[in-house]
Amino acid sequence: MRRYVLGLAMLGAFVGNASAAELLNVSYDPTRELYTQLNEKFAADWKAKNGGEEVTIKQSHGGSSAQSRKIIDGLEADVATLGIASDIDVLADKGLLAADWQQRLPGDSTPYNSTIVLLVRKGNPKGIKDWSDLVKPGIAVITPNPKTSAGARWNFLAAYAYALKQNGNDDAKARAWIGQLYKNVPVLDTGARGSTVTFAQRGLGDVLIAWENEAYLASAEFGADKFDIVVPSSSILAQPPVAVVEKNAKKHGTEKLAEAYLKFLYTPEAQEIVAKNHYRPLDPTVAAKYASSFPKIDLTTIAQFGGWKAAQPKFFGEGGIFDQIYDKK
Amino acid sequence: MSTMATTHRPFRSATAEPLSVRWLLIGFTFAFLIVFLLLPLIVVFVQAFAGGIKAYFAALADPDSLSAIWLTLKTAAIAVLLNTLFGVAAAWLVAKFEFRGKDFLITLIDLPFSVSPVISGMVFVLIFGAQTWLGGWLIDHDIRIIFAQTGLVLATVFVTFPFVARELIPLMQAQGSDEEYAALSLGASGWQTFWLVTLPNIRWGLLYGILLCNARAMGEFGAVSVVSGKIRGASNTMPLHVEVLYQDNKMVAAFAVASLLALLALLTLGLKTFLEWRHGDELAALRGR
Numbered sequence: 000m001r002r003y004v005l006g007l008a009m010l011g012a013f014v015g016n017a018s019a020a021e022l023l024n025v026s027y028d029p030t031r032e033l034y035t036q037l038n039e040k041f042a043a044d045w046k047a048k049n050g051g052e053e054v055t056i057k058q059s060h061g062g063s064s065a066q067s068r069k070i071i072d073g074l075e076a077d078v079a080t081l082g083i084a085s086d087i088d089v090l091a092d093k094g095l096l097a098a099d100w101q102q103r104l105p106g107d108s109t110p111y112n113s114t115i116v117l118l119v120r121k122g123n124p125k126g127i128k129d130w131s132d133l134v135k136p137g138i139a140v141i142t143p144n145p146k147t148s149a150g151a152r153w154n155f156l157a158a159y160a161y162a163l164k165q166n167g168n169d170d171a172k173a174r175a176w177i178g179q180l181y182k183n184v185p186v187l188d189t190g191a192r193g194s195t196v197t198f199a200q201r202g203l204g205d206v207l208i209a210w211e212n213e214a215y216l217a218s219a220e221f222g223a224d225k226f227d228i229v230v231p232s233s234s235i236l237a238q239p240p241v242a243v244v245e246k247n248a249k250k251h252g253t254e255k256l257a258e259a260y261l262k263f264l265y266t267p268e269a270q271e272i273v274a275k276n277h278y279r280p281l282d283p284t285v286a287a288k289y290a291s292s293f294p295k296i297d298l299t300t301i302a303q304f305g306g307w308k309a310a311q312p313k314f315f316g317e318g319g320i321f322d323q324i325y326d327k328k
Numbered sequence: 000m001s002t003m004a005t006t007h008r009p010f011r012s013a014t015a016e017p018l019s020v021r022w023l024l025i026g027f028t029f030a031f032l033i034v035f036l037l038l039p040l041i042v043v044f045v046q047a048f049a050g051g052i053k054a055y056f057a058a059l060a061d062p063d064s065l066s067a068i069w070l071t072l073k074t075a076a077i078a079v080l081l082n083t084l085f086g087v088a089a090a091w092l093v094a095k096f097e098f099r100g101k102d103f104l105i106t107l108i109d110l111p112f113s114v115s116p117v118i119s120g121m122v123f124v125l126i127f128g129a130q131t132w133l134g135g136w137l138i139d140h141d142i143r144i145i146f147a148q149t150g151l152v153l154a155t156v157f158v159t160f161p162f163v164a165r166e167l168i169p170l171m172q173a174q175g176s177d178e179e180y181a182a183l184s185l186g187a188s189g190w191q192t193f194w195l196v197t198l199p200n201i202r203w204g205l206l207y208g209i210l211l212c213n214a215r216a217m218g219e220f221g222a223v224s225v226v227s228g229k230i231r232g233a234s235n236t237m238p239l240h241v242e243v244l245y246q247d248n249k250m251v252a253a254f255a256v257a258s259l260l261a262l263l264a265l266l267t268l269g270l271k272t273f274l275e276w277r278h279g280d281e282l283a284a285l286r287g288r
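Each protein sequence line maps, in turn, to chains U and E.
Numbering of the first sequence is given in numbering that gives the first Met the number 0, commencing with residue 0 and proceeding in unit increments.
Numbering of the second sequence is given in numbering that gives the first Met the number 0, commencing with residue 0 and proceeding in unit increments.
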């Protein structure tokens, strides 16, 4: 009954467009559950600290680059919490926020990290142990589209870094190898969650390349004892950053609220929620507390590829390496 | 004609196929309908009630679901109203007047049928997106088109554009203009002729077109997916909300909302069948197509 009344109240708010403090967080695909929990906590905190002021945080989720595109096209996000720095860089290019946004908050404006792991069906029937198994004939690999999904780009680079290491940093060999891998990909969904659904619900594919947090969520929620997580020999430190979309926040008069919201993500209680959702917390104390739930992996970083400003056009731009190897299909 | 009369052909019934063939065909048709239409419908309802009646209604009473339902109803209502006005005007024009470019106009009306809904949505982003001069100007003046309800209405109107007009054109053409001429020659004004002669003549066909238009408007996914900001509880219509819930792994809720959409479709189908049964004669002109 309470939910019903709440629903009616929200309907009223929607119709009347009541101007209570409101924030729109445009985020990437797998953070749905994370931000639902974080938002609830933040709203309670804000209310307690600001004389009972109500604040509503609205969520929108989708493939990171598709979401970024919507913000560019006029979706008035107050904050962008996307899967990859380059998806916020393009917002800065359009003048929606300052170019130095990544220096505004601790840890390169990244309150939580993750990495890329492999999810296989229970008992690992195809015997997938590492990246090298993904190029074998007859293995169907599920990963989203790097053009629209941030996770897909981390997936690509995690695999690519492995290929470089195996081939003594020979670029040509690594390309041929990754081309082989993508020949095993039957479908590219637009977002990480789309791929998870394809793998977990529709039962397509032998292995899902996924955010670590998404792999845990899939094994916990989409069917316990249906999947096994395979930790590869090496992976990449995936950094999904956050930023205030200054132009929109200014227009809405939500600058203070938006900044408080992002700073809240770094507080110990938010970091606890982060860790419980299988994102790797930035806070060292919380990280230490949850250390046992995150496997140790040899992680490369985006710095190996010269940062996202260099890696984005080289690998995923028009005619970039991904286009070259995927067209050759 | 005279040569026809002299040739005698042996009589053969149009349905002289052996019984086995007939039953095979009928059986095949039923099997096909069951697998492709009935089974999915049953699955939707079974899944929706998988958690019990309480869970079903709790899912529908969720604020985000209510918002999606309300948004869908509002969007469909506005889109149907606009397309009804347009459809009647266009059908009137096409059926009662002769002018150059008429064929071209009819082709234009049909355009949304042949354009992919995703493209239909995309064009509005290309026109009203913040990076275009028009979109930029509108956003600076706080007028939101895409990622707001206006965009949803525009995309829905575009996609459901032909339904009313396509129902009315053949009907009005078949009826001709004689009654209108009679009314006019007896001194009726243009409006009087329309309200008292034309509208009563086309009312059932019009209702039929409105029903089809409404069904499509509420169910549209592709076009609205492009122009919606997909903000939970704000800019998700029912079809979009079903996708969100499905990807959230909230199966009962996803299918509960889907079942409501299906119910609305069934209601439309029921009304449509009733109209055909009750006013079949007046709708007969439609079947000639």
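Please note: incorrect hints may appear among the correct ones.
[To be verified] Some, not all, of what chain U presents toward chain E, calculated at C-beta under 7 angstroms:
1. R31
2. Y34
3. G51
4. E52
5. E53
6. K57
7. S59
8. L74
9. T189
10. R192
11. V196
The hints are simulated quantities; they were obtained by calculation from the structure and are not laboratory data.
We treat Cβ as the ideally placed atom computed from N, Cα and C, and that holds for glycine.
Quiz prompt | Residue hint G51 (chain U), partner chain E, criterion CB-CB below 7 angstroms | solution = violated, 21 angstroms
Quiz item: Under the criterion of a CB-CB separation shorter than 7 angstroms, is R31 (chain U) in contact with chain E as hinted?
Solution: holds, 6 angstroms
Exercise. With chain E as the partner, please determine if V196 (chain U) meets the hint condition of a C-beta pair closer than 7 angstroms.
Key: With a minimum Cβ separation of about 6 angstroms from chain E (threshold 7 angstroms), the hint on V196 (chain U) holds.
Quiz item: Should the interface hint for T189 (chain U) be scored as holding, given a Cβ-Cβ cut-off of 7 angstroms against chain E?
Solution: violated, 11 angstroms
Practice problem: So, R192 (chain U) near chain E? Judge it on the closest CB pair being under 7 angstroms. | Solution: holds, 5 angstroms
Self-check item: Residue hint E52 (chain U), partner chain E, criterion CB-CB below 7 angstroms
Solution: It is violated, given that the least Cβ distance between E52 (chain U) and chain E is near 20 angstroms, above 7 angstroms.
Quiz prompt | Residue hint Y34 (chain U), partner chain E, criterion CB-CB below 7 angstroms | solution = Violated - the Cβ of Y34 (chain U) stays beyond 7 angstroms from chain E, reaching only about 10 angstroms at its closest.
Quiz item: For the hint on K57 (chain U), does the least C-beta distance to chain E fall short of 7 angstroms?
Solution: Since chain E brings a Cβ to about 5 angstroms from K57 (chain U), closer than 7 angstroms, the hint holds.
Self-check item: Interface hint status, E53 (chain U) versus chain E (Cβ within 7 angstroms)
Solution: Where the cut-off is 7 angstroms and the nearest Cβ of chain E is about 14 angstroms from E53 (chain U), the hint is violated.
Quiz item: Hey, does the S59 (chain U) contact hint survive, CB to chain E under 7 angstroms?
Solution: holds, 5 angstroms
Quiz item: Regarding the hint that L74 (chain U) lies at the interface with chain E, is the smallest CB-CB distance below 7 angstroms?
Solution: holds, 4 angstroms
The structure is inconsistent with the numbered hints 2, 3, 4, 5, 9, although it conforms to all the rest.
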